[in-house]
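Colleague: We have chain B; now place chain X onto it with these hints.
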Amino acid sequence: DTEVTQTPKHLVMGMTNKKSLKCEQHMGHRAMYWYKQKAKKPPELMFVYSYEKLSINESVPSRFSPECPNSSLLNLHLHALQPEDSALYLCASSQDFYRRIYEQYFGPGTRLTVT
Amino acid sequence: DQQVKQNSPSLSVQEGRISILNCDYTNSMFDYFLWYKKYPAEGPTFLISISSIKDKNEDGRFTVFLNKSAKHLSLHIVPSQPGDSAVYFCAASVSGGSNYKLTFGKGTLLTVNP
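Just so you know, the sequences run in chain order B and X. The working numbering numbers the first residue of the first sequence as 1 and each following residue consecutively. The working numbering numbers the first residue of the second sequence as 1 and each following residue consecutively.
Okay, chain X solo, but in the shape it has when bound:
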């Protein structure tokens, strides 16, 4: 049972435009969400996170939105740059004793075209 879903395996965007990556989750116990970026042959790099007490968190070009009622979050990248081309993983966690465990989605490959 996949608790974190990234339904778009890939996304292609023009440089300078907005990239929107989506993530849905089924476990209502999740209360902390993270986005990671991964280049080939490298480990995932932490990008941005959001707690369930918020609905938006912004860091530079990256903004994460959380819609708890829809169990949906999205990562917006504005403006998109060719260096943003990578696989983006959404991850979720439950606070408390199991906060070590990140449940990852399958990832979305973002390609930003010059």
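With the rest of the complex left out, here is chain B:
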């Protein structure tokens, strides 16, 4: 099973709303990632969790707040977003953060529209 699931598939929210994106994997992977992808652009790394601890924050604005409740789940809490935050948000996981295993497996993404 190499599946990473994400919910919801689509989300429309106003600039004053609070919402959350969810990601789940059952591959036993210990590293999980959030990416943002705009149309016709490559994915941009936002956050990395390794062994449920936040390891990397790529200077993401505080209106995005990640959370890793356990090794299988990753959330992204959204608050006071801007229209330019509209994008496809991708979750990924990989077997380990520190060993020489680099393949990241991506979920289908959540298409977010901020109005």
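Misleading hints may appear alongside valid ones.
As the list claims (entries may be wrong) - Taking lysine-lysine and the DSSO-like style, the derived pairs with C-alpha atoms no more than 27 angstroms apart in a straight line are:
#	chain 1	residue 1	chain 2	residue 2
1	X	Lys106	B	Lys41
2	B	Lys22	B	Lys53
3	B	Lys40	X	Lys5
4	X	Lys71	X	Lys101
Claimed, not checked - Here's a subset of chain X near chain B, in silico, CB distances under 8 angstroms, partners left out:
#	residue
5	Ile20
6	Phe30
7	Glu42
8	Gly43
9	Pro44
10	Phe46
11	Arg61
12	Phe62
13	Leu102
14	Gly107
Note that these hints are calculated values from the structure, not bench results. Model, not experiment: these values are computed from the prediction. Beta carbons: idealized from backbone N, C-alpha and C, even for Gly.
Modeller: Leaving out everything else, chain X in the frame of chain B:
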């Protein structure tokens, strides 16, 4: 500064022929390279990877070639099938403490015509 470049935004190939997707990189520290395929409205799917200690890796219809001296890699798909039509991203990584970070190219849209 774009460290991973895919200079062809699109490529069109006939079914059954070979598709060759190219990728160049500038960072000589990169030592692991990956190819991902992406359909519209889906997340990228891992296809194949290659370590810098190798110059070729093959998996079924997909072969990746690495030319370290030229800082160039290519993905060959033989034979191409209409279901291969997608955006292909090349990605690179540095081993060691930063191995979490994949640097992606901008992608090449492959269209395989029946």
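Colleague: Looking back at the numbered hints, which does the structure fail to meet, lowest number first?
Modeller: 5, 6, 11, 12
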